[in-house]
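Going down the list, the sequences are from chains Z and P. End of the first sequence = 329 in numbering that gives the first Met the number 0, gap-free, step of one. End of the second sequence = 271 in numbering that gives the first Met the number 0, gap-free, step of one.
Derived from the structure by calculation, the hints contain no laboratory data.
DSSO-like mimics (lysine-lysine), calculated; alpha carbons at most 30 Å apart, straight line:
| hint | chain 1 | residue 1 | chain 2 | residue 2 |
| --- | --- | --- | --- | --- |
| 1 | P | Lys48 | P | Lys72 |
| 2 | P | Lys74 | P | Lys43 |
| 3 | P | Lys48 | P | Lys180 |
| 4 | P | Lys119 | P | Lys108 |
| 5 | P | Lys109 | P | Lys119 |
| 6 | Z | Lys202 | P | Lys119 |
| 7 | P | Lys194 | P | Lys28 |
| 8 | P | Lys72 | P | Lys43 |
| 9 | Z | Lys202 | P | Lys43 |
| 10 | P | Lys233 | P | Lys48 |
| 11 | P | Lys127 | P | Lys194 |
| 12 | P | Lys55 | Z | Lys202 |
| 13 | P | Lys55 | P | Lys74 |
| 14 | P | Lys43 | P | Lys233 |
| 15 | P | Lys109 | P | Lys127 |
| 16 | Z | Lys202 | P | Lys48 |
| 17 | P | Lys233 | P | Lys28 |
| 18 | P | Lys180 | P | Lys233 |
| 19 | P | Lys127 | Z | Lys202 |
| 20 | P | Lys180 | P | Lys127 |
| 21 | P | Lys114 | Z | Lys202 |
| 22 | Z | Lys202 | P | Lys74 |
| 23 | P | Lys74 | P | Lys194 |
| 24 | P | Lys28 | P | Lys43 |
| 25 | P | Lys72 | P | Lys28 |
| 26 | P | Lys180 | P | Lys28 |
| 27 | Z | Lys202 | P | Lys72 |
| 28 | P | Lys108 | Z | Lys202 |
| 29 | P | Lys194 | P | Lys180 |
| 30 | Z | Lys202 | P | Lys109 |
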Amino acid sequence: MTALSDFMRRPEAGSVLSLIAVIAFFVIFGGANIGNFLGAASWVNLAANLGIVAIPMGMLMIAGELDISIGAMIPAGSMTVAILSGYYELPILVGMAGALGLGVVVGLVNGILTVRTSVPSLIITLGTLVAMQGIVLSASVLLTGNASVALTAPVWTKAIFGQLIGGSYQIIILWWLAMTVVFVVIMHHTRYGNWIFAMGGDKVSARNAGIPTDRMTIFLFVLSAVAASFVGMCGAILFNSAQVSGGMNYIFNAVVSVVVGGVLLTGGFGSVWGIFFGTLTFAVVNQGIYFTQLDRNWSSLIIGVMLLAAVLVNNRFRAFALTASRKKPA
Amino acid sequence: MTQPVLELRNVNKSFGPIDVLHDINLTVKAGEVLCLLGDNGAGKSTLIKTLAGVHKPTTGEIWMDGEQVSFEKPKDAADRGIATVHQFGGTFPLMSIGRSFFVGVEPVKKIGPFKIFDRKTANETAVKAVQEFGITRIDDGDRLIGGLSGGERQSLAIARAVHFGARVLILDEPTAALGVKQSSHVLRIILEARKRGLAVIFITHQVTHAMAVGDHFAVLIRGAVAANFMRGEKTREEITDLMAGGEALASLDTELEGYMETHEGHPPQPVA
Numbered sequence: 000m001t002a003l004s005d006f007m008r009r010p011e012a013g014s015v016l017s018l019i020a021v022i023a024f025f026v027i028f029g030g031a032n033i034g035n036f037l038g039a040a041s042w043v044n045l046a047a048n049l050g051i052v053a054i055p056m057g058m059l060m061i062a063g064e065l066d067i068s069i070g071a072m073i074p075a076g077s078m079t080v081a082i083l084s085g086y087y088e089l090p091i092l093v094g095m096a097g098a099l100g101l102g103v104v105v106g107l108v109n110g111i112l113t114v115r116t117s118v119p120s121l122i123i124t125l126g127t128l129v130a131m132q133g134i135v136l137s138a139s140v141l142l143t144g145n146a147s148v149a150l151t152a153p154v155w156t157k158a159i160f161g162q163l164i165g166g167s168y169q170i171i172i173l174w175w176l177a178m179t180v181v182f183v184v185i186m187h188h189t190r191y192g193n194w195i196f197a198m199g200g201d202k203v204s205a206r207n208a209g210i211p212t213d214r215m216t217i218f219l220f221v222l223s224a225v226a227a228s229f230v231g232m233c234g235a236i237l238f239n240s241a242q243v244s245g246g247m248n249y250i251f252n253a254v255v256s257v258v259v260g261g262v263l264l265t266g267g268f269g270s271v272w273g274i275f276f277g278t279l280t281f282a283v284v285n286q287g288i289y290f291t292q293l294d295r296n297w298s299s300l301i302i303g304v305m306l307l308a309a310v311l312v313n314n315r316f317r318a319f320a321l322t323a324s325r326k327k328p329a
Numbered sequence: 000m001t002q003p004v005l006e007l008r009n010v011n012k013s014f015g016p017i018d019v020l021h022d023i024n025l026t027v028k029a030g031e032v033l034c035l036l037g038d039n040g041a042g043k044s045t046l047i048k049t050l051a052g053v054h055k056p057t058t059g060e061i062w063m064d065g066e067q068v069s070f071e072k073p074k075d076a077a078d079r080g081i082a083t084v085h086q087f088g089g090t091f092p093l094m095s096i097g098r099s100f101f102v103g104v105e106p107v108k109k110i111g112p113f114k115i116f117d118r119k120t121a122n123e124t125a126v127k128a129v130q131e132f133g134i135t136r137i138d139d140g141d142r143l144i145g146g147l148s149g150g151e152r153q154s155l156a157i158a159r160a161v162h163f164g165a166r167v168l169i170l171d172e173p174t175a176a177l178g179v180k181q182s183s184h185v186l187r188i189i190l191e192a193r194k195r196g197l198a199v200i201f202i203t204h205q206v207t208h209a210m211a212v213g214d215h216f217a218v219l220i221r222g223a224v225a226a227n228f229m230r231g232e233k234t235r236e237e238i239t240d241l242m243a244g245g246e247a248l249a250s251l252d253t254e255l256e257g258y259m260e261t262h263e264g265h266p267p268q269p270v271a
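Could you put the whole structure together from the sequences, leaning on the hints where they help?
This is the structure in structure tokens:
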């Protein structure tokens with residue numbers, strides 16, 4: 000039983016169980032054809048786009064911060080590349096650098112405001128969220144006279160950022176998988192990961208232990224904003240156009256994914272694998288409903304119940320992780 | 000006489016118009032436990048923070064090993080070998096023993112061009128360090144700090160400080176939140192640290208605990224050292240009275256008796 004009890008002590012235990020539970024639920028009650036479902040691209044595409052913003056958001060949450068400005072950064076990223084390279088017909092590299100550079104700037108603003116003031120990052124990023132929405136809409140109307148801009152990306156760019164593999168799988172899935180692996184290593188197998196956990200546990204002690212907490216916090220905010228504008232940029236390249244609206248759903252969906260993934264809202268506990276499985280679970284519920292006979296309007300209910308259940312289960316598991324110690328063989 | 004490891008000379012600290020510490024003179028030698036006694040608000044925490052480099056003294060000098068030092072930030076004090084362990088010991092309840100032991104100084108091993116956190120070494124070192132202090136119940140470095148008892152956490156934090164070369168150990172009320180048995184664990188670890196030649200500054204308001212391990216006592220009242228004496232020079236009652244501000248406890252007795260006489264023999268009702 001050691002393997003099972005070791006598994007239950009891990010932060011991602013709850014999210015793996017949630018994933019199994021929702022798939023079982025759809026198969027049993029919804030009459031989902033599991034073969035069709037597993038082969039479908041819709042939920043994998045959703046998971047990939049969501050996952051790329053959920054991983055940095057989860058890492059920020061582990062460090063004790065929250066970034067909701069991603070909701071504006073996704074359209075900001077896609078509009079920037081579309082305005083620069085579509086409307087003004089600048090080289091695509093300029094457009095992409097503009098989109099990611101905007102992410103760096105907004106991330107720096109979020110991060111620096113968070114470390115310089117005592118205002119909670121939720122409020123700061125709420126401010127930048129609304130401000131960025133305004134900037135993106137005004138800039139778009141001012142510069143192009145439109146709230147939607149077309150973009151024709153060169154073939155090589157489409158191949159890397161906006162390709163549909165096998166006709167339906169977005170190439171961003173590969174980006175997501177690569178990103179997951181990279182951040183699993185950084186978060187759980189390097190000293191930087193340890194610093195992030197320590198910051199979420201107790202920022203003052205972490206600073207006294209010599210961790211550059213301010214620089215780490217700013218870096219995480221930059222990572223989060225850049226990831227969000229990357230998702231927007233890839234979307235614009237894939238769909239050949241960018242809209243001012245959209246992206247707000249990502250805020251709540253990413254928070255749900257991260258929390259289902261076992262990250263503690265107050266910081267200090269969680270795992271990148273957990274965020275990965277939490278995102279998958281969310282995508283399965285969100286898209287899986289279409290493969291069943293259930294009315295699709297039920298999916299929000301399921302997500303809500305699942306969120307509550309996952310939080311309760313995760314709390315239970317965390318208590319278990321705290322008390323359990325490996326029993327010595329008698 | 001050996002040279003004191005740490006010495007305060009006429010240290011004053013004020014925050015704006017409020018004077019918190021007045022002319023503090025204290026010395027602590029290697030292998031000696033200095034007990035700092037004082038009621039809440041006596042200036043104990045300010046004194047610790049001054050020693051740990053959080054605050055700078057307004058006037059006065061801090062000397063270490065015969066040379067004057069000045070701490071700009073906590074890191075400076077830590078580099079000099081001053082380690083502070085707070086009341087709740089491990090401050091990262093959701094981190095494993097091995098990981099929290101090495102926060103900020105993680106051991107790494109190289110795999111190709113990457114530096115990977117060496118979990119095995121971290122766990123083994125942490126467990127070994129705390130077991131050397133006699134806490135043999137800690138044997139799994141993957142356990143979370145939050146799962147340890149209060150005494151075990153304190154022990155782990157002290158073992159950590161010693162492992163990283165602390166020479167002056169400042170213990171901020173390590174036994175305040177602990178039961179009798181847990182406290183005795185911590186006291187034993189203080190003695191072990193003393194045996195290893197550390198200078199220990201033990202802050203407490205539990206006179207019994209101070210008397211069990213202290214070599215040298217200082218009582219702080221309203222930011223000044225009200226008494227400074229060696230082991231065996233004062234009784235427990237005298238120390239308690241000193242901490243409470245001289246005659247206060249004795250007069251409380253008479254006050255209570257007087258109250259009971261005038262109120263048909265029952266003591267004052269506790270304020271809800």
